[in-house]
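Protein chains: 2
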Amino acid sequence: MNLSRTRERLVVIGGDAAGMSAASQARRLKGPGELEIVAFERGHFTSYSACGIPYWVGGDVTDRDELVARTPEEHRARDIDLRLRTEVTEIDPAGQRVRARDVESGEESWTSYDKLVIATGARPIRPDMPGADAAGVHGVQTLDDGQALLDTLEGTRGRRAVVVGAGYIGVEMAEALIKRGYEVTVVNRGSEPMSTLDPDMGRLVHEAMEGLGITMVNDAEVTNILTGDDGAVRAVVTDDREYPADVVVLGIGVRPETALARAAGLPLGPHGGLLTDRSMRVRGHENLWAGGDCVEVLDLVSGQERHIPLGTHANKHGQVIGTNIGGGYATFPGVVGTAVSKVCDLEIARTGLREKDARRVGLRFESVTIESTSRAGYYPNASPMTVKMLAEHRTGRLLGVQIVGREGAGKRVDIAAVALTAGMTVEQMTALDLGYAPPFSPVWDPVLVAARKAAAKVRSTS
Amino acid sequence: MNLSRTRERLVVIGGDAAGMSAASQARRLKGPGELEIVAFERGHFTSYSACGIPYWVGGDVTDRDELVARTPEEHRARDIDLRLRTEVTEIDPAGQRVRARDVESGEESWTSYDKLVIATGARPIRPDMPGADAAGVHGVQTLDDGQALLDTLEGTRGRRAVVVGAGYIGVEMAEALIKRGYEVTVVNRGSEPMSTLDPDMGRLVHEAMEGLGITMVNDAEVTNILTGDDGAVRAVVTDDREYPADVVVLGIGVRPETALARAAGLPLGPHGGLLTDRSMRVRGHENLWAGGDCVEVLDLVSGQERHIPLGTHANKHGQVIGTNIGGGYATFPGVVGTAVSKVCDLEIARTGLREKDARRVGLRFESVTIESTSRAGYYPNASPMTVKMLAEHRTGRLLGVQIVGREGAGKRVDIAAVALTAGMTVEQMTALDLGYAPPFSPVWDPVLVAARKAAAKVRSTS
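If you're matching them up, the sequences are chains A and B in order.
Each residue of the first sequence is one higher than the one before, counting from 1 in the UniProt record's numbering.
Each residue of the second sequence is one higher than the one before, counting from 1 in the UniProt record's numbering.
Hints should not be assumed to be uniformly reliable.
No copy labels: a pair is met if it fits in one copy or bridges any two.
When the alpha-carbon atoms are kept at most 25 Å apart in a straight line, the in silico BS3-like pairs for lysine-lysine are as follows [stated by the list, open to error]:
#, residue 1, residue 2
1, K30, K179
2, K453, K356
3, K179, K457
4, K356, K457
5, K179, K453
6, K30, K356
7, K179, K356
The hints are simulated quantities; they were obtained by calculation from the structure and are not laboratory data.
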């Protein structure tokens, strides 16, 4: 506690979802007379939706500012001392201070804190290969990245795009580039796109992407990126082929941005993210909190830590941190691993464990896959939907659900997300009272059809 | 047990969802050598979707046969002795037999049973008033009713339709008639349409219906129906007005069809439906089962019986009954009262208790209502959604949710349905890991926004 000041000072590192949600919630609970709030952000923007970038690039969202939930000015109007273009370069937990550098001038100075929120986010994995930094090769992690990609797209005559990686960002960027009229090739290291699904479900995504005119290349390792005489990207090279490219988007995932935390000796988990307790306090540190893409979260199904960079978690973390700093009480109990995405009209959703996750954590399981429809079969626009469900052997406890289908498929995963959180068995799920009317569901909702089949399999194998 | 026969005989009364699901599931588990199955149905059809009738009338479904999930011939091919146009007129539990009459010939005969399934459904409430049976006045309970209504619509030149009742059937029929080009007036006894919602949420439906060009008349009691010289309907008369009508649809609800059960001395509940145990066995009767629209179900939230005529429950009941009769084990634990419907593009959903339900069963509650959107606000076609949430005072246990919105609103109620089943508190719900991506949800799903507000209110009032 710094006794020379009459009010406490909260310092926040990182001006996006987790950091600014924490700051805003703390401010809501404690006025400027009680709590001073200083926030450092190395970029130009605050509180923006990185998840929205593919839709901005694709043209669904026309104005970058729409992705900004709260501007720097709005934060300042709430008495948050926001310092843009200022990068924190060191955390000194013993001295309760951080060192920050003005990105423009290069000047550095120390700022002391009573409480510190670390919300440094994630950094994209950039492959260590020749050409990865060439003109026309883009990540899509920040608004600045999105703007740079759009500038390239507008300045390039060629229409061949290669997306490296076939996870959420990869498939969403494939959609964005298709919408902009590009010939799109997705080069993927794994055996099928969407490695967050089991390969049999990923196969459905693969087929749908090809149906959309996207060329899907699996089991391919990118070795280098070729550039032309002008220094601009010309092709993406894999172990056995060259894919001509006028623009390349890298969507090969992110890692927690925890260099500062590591240097400060803070506890990191197996995935390199900060480890917190349930109140989002850094483990073993009374006055440090961390949230968002730089932390690991407890997976309630596996009982192990995971790194899940996702805006919805970051917002919850910020809310919990701000409430606790503001004198309230809140916890973040963990996640079940729910995610939903789409490629054009194909909806892709998952929650809980995949087969390989279950095996890795020592769970024996039964797995079923069913085909159903989004609406009553006779109702117009009923579209096919595939649901895969995993249940624990003998106990029948739900372990995971994956859904691939069209309109109405994606958000059905929420049924399973809540059931997982509640620890339901698939037998219990068969009796769930889900909304039914012909425009919304068959008389047995697809999730119930899967639960019935899973329950039968659990019984027959017990 | 009838010792004169070497195999057991199962008799089923009623050939729609509950009865034929029970018969089919029993047949799946026991072949014809073990179990004889006789099913009586007084109408022409089996296993059809009554819920689909409004969409058939409205033209979304073009062929009546599409509403039939399984035809009489299909049932017979599975060794079910199905007797159409045969009405059971008496149940004799002591003698283990039922008396049935051939509707065409009038001949009656007794059939003995070892096990009996009562699935007699519900009968529409027909108002006891002059003109209620006039030509052009229609219910929409059965496929035969739907056909009769379509015949009237095709034979009538006038384009004025009056729908009596503003529940699910009423609003769905209003949509159907609007689609067919009618001027539609809905006459409603209650203060707002959709009395399965609280009036403040019903008000939103009211406004949306008027926006669709439907004239909504609330607080109006129909006193009689006027007919012309030709005997056809001419107007619907309320306590203070006349509404000209070329066709009238009655959608004022249904009651359990339990005259046979009552005459046989079987146990009926407060709403006139049969009372069963968790295995769907008629209480106190070892060899009688009942399911579908003729039974009362346990409301898991209120702890009291309710009558909820809905195909999805009927199918579950049939499945449970057939499993138990087939020698397996299954239960129907109860419902939480989930229902979803739509009028054109307006989606209406509810689960759990309304304010008046909570009061009636002695629960004190906090109620909140929030406005959110179906997708991230910046994503195209994000549409507004209103979510009302009730939580128990002090404990914060979720009691009910009502949602009114556009695309994506209705099935979100499933999140709350599962949470209710699991007995979650609204505070627990704030941490739910629901699917998030900009095309599917704001970063805080509308249900989470409601849960956060409800949790705050519970805390502030405890």
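Outcome of the hint check:
1. K30 / K179: Neither: 46 Å inside a chain and 55 Å across chains, both beyond 25 Å.
2. K453 / K356: Intra 21 Å, inter 38 Å, cutoff 25 Å: intra-copy only.
3. K179 / K457: neither (43 Å within a copy, 45 Å between copies)
4. K356 / K457: For K356 and K457, only the intra-copy Cα distance (19 Å) is at most 25 Å; the inter-copy one is 42 Å.
5. K179 / K453: neither (39 Å within a copy, 39 Å between copies)
6. K30 / K356: Close neither inside one copy (46 Å) nor across copies (38 Å); limit 25 Å.
7. K179 / K356: Intra 34 Å, inter 50 Å, cutoff 25 Å: neither.
Violated hints, in rising order: 1, 3, 5, 6 and 7; the structure is consistent with all others.
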